[in-house]
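**Q** As they're listed, the protein sequences go chains A and B. Every letter in the first sequence is one number past the one before it in this note's numbering, and letter 61, counting from 1, is 288. Every letter in the second sequence is one number past the one before it in this note's numbering, and letter 27, counting from 1, is 254.
Warning: the hint list may mix true and false statements.
It does not matter which identical chain is used: a pair holds within one copy or between any two.
To be verified - Here are the simulated SDA-like cross-link-like pairs (lysine to any residue), alpha carbons at most 25 Å apart as the crow flies:
{"hint": "1", "residue 1": "K311", "residue 2": "L243"}
{"hint": "2", "residue 1": "K311", "residue 2": "C273"}
{"hint": "3", "residue 1": "K309", "residue 2": "C273"}
{"hint": "4", "residue 1": "K259", "residue 2": "A297"}
{"hint": "5", "residue 1": "K309", "residue 2": "I246"}
Since the hints were derived computationally from the structure, they do not count as laboratory data.
2 protein chains.
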Amino acid sequence: MEMELMTYVGLVAGVLTTISFLPQAIKTWQTKSTKDISLAMFLCFCLGVVLWVIYGFYTHNLPVFLANFATFVLAFSILVCKIKYG
Amino acid sequence: MEMELMTYVGLVAGVLTTISFLPQAIKTWQTKSTKDISLAMFLCFCLGVVLWVIYGFYTHNLPVFLANFATFVLAFSILVCKIKYG
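The shape of chain A in the complex, shown without the other chains:
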């Protein structure tokens, strides 16, 4: 029972950490202002998330694959804005 609860805690945790990048992406798309965002953070983060996607794919871990694929799309779009707008 406690493990079942923890599975839900893990699922909610994964959803929250993934969708958290959506408001930042929307803000960045709208304002086109990225001065306060760290380029090093999003370069390093996107590279890490790509490795999570590869890990999820090759270990047949669908939740890890899907959550990180969605995170990558959002984080990469923020990275592109940062490179474009500086």
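Fit chain B to the given chain A structure using the hints.
**A** Chain B alone, transformed into the frame defined by chain A:
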């Protein structure tokens, strides 16, 4: 052999996504400028990471616990700056 490689890929992925918050935290501490950072992102992300810490603790998953504990310290310090400097 392939699974062993994937374990290393997962470890590097975890280290990268965790330490990526360090350059953002340093930038935020130094500039005290957080206009372009989304409050909703860091609220949502910190809550998700707290749930990952709880998940790692109760499932006795030390890598998940440690990686997310470190991520929380960094992300929460950025959230505090965002609330303080707006």
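**Q** Each hint should be assessed against the structure and marked as holding or not.
**A** Consistency of the hints with the structure:
With identical chains, the CA atoms of K311 and L243 are at most 25 Å apart between copies only, with a shortest distance of 23 Å across copies and 27 Å within one. Within a single copy, K311 and C273 get their C-alpha atoms as close as 16 Å, which meets the 25 Å cut-off; across copies the closest is 28 Å, which misses it. Taking the shortest alpha-carbon separations for K309 and C273, both the intra-copy value of 13 Å and the inter-copy value of 22 Å come in at or below 25 Å. In this assembly of identical chains, the alpha carbons of K259 and A297 lie at most 25 Å apart only when taken from the same copy (21 Å versus 30 Å across copies).
Proximity of K309 and I246 under a CA criterion of 25 Å is satisfied in both settings, with 19 Å inside one chain copy and 19 Å between copies.
Every hint from the earlier list agrees with this structure, and none is contradicted.
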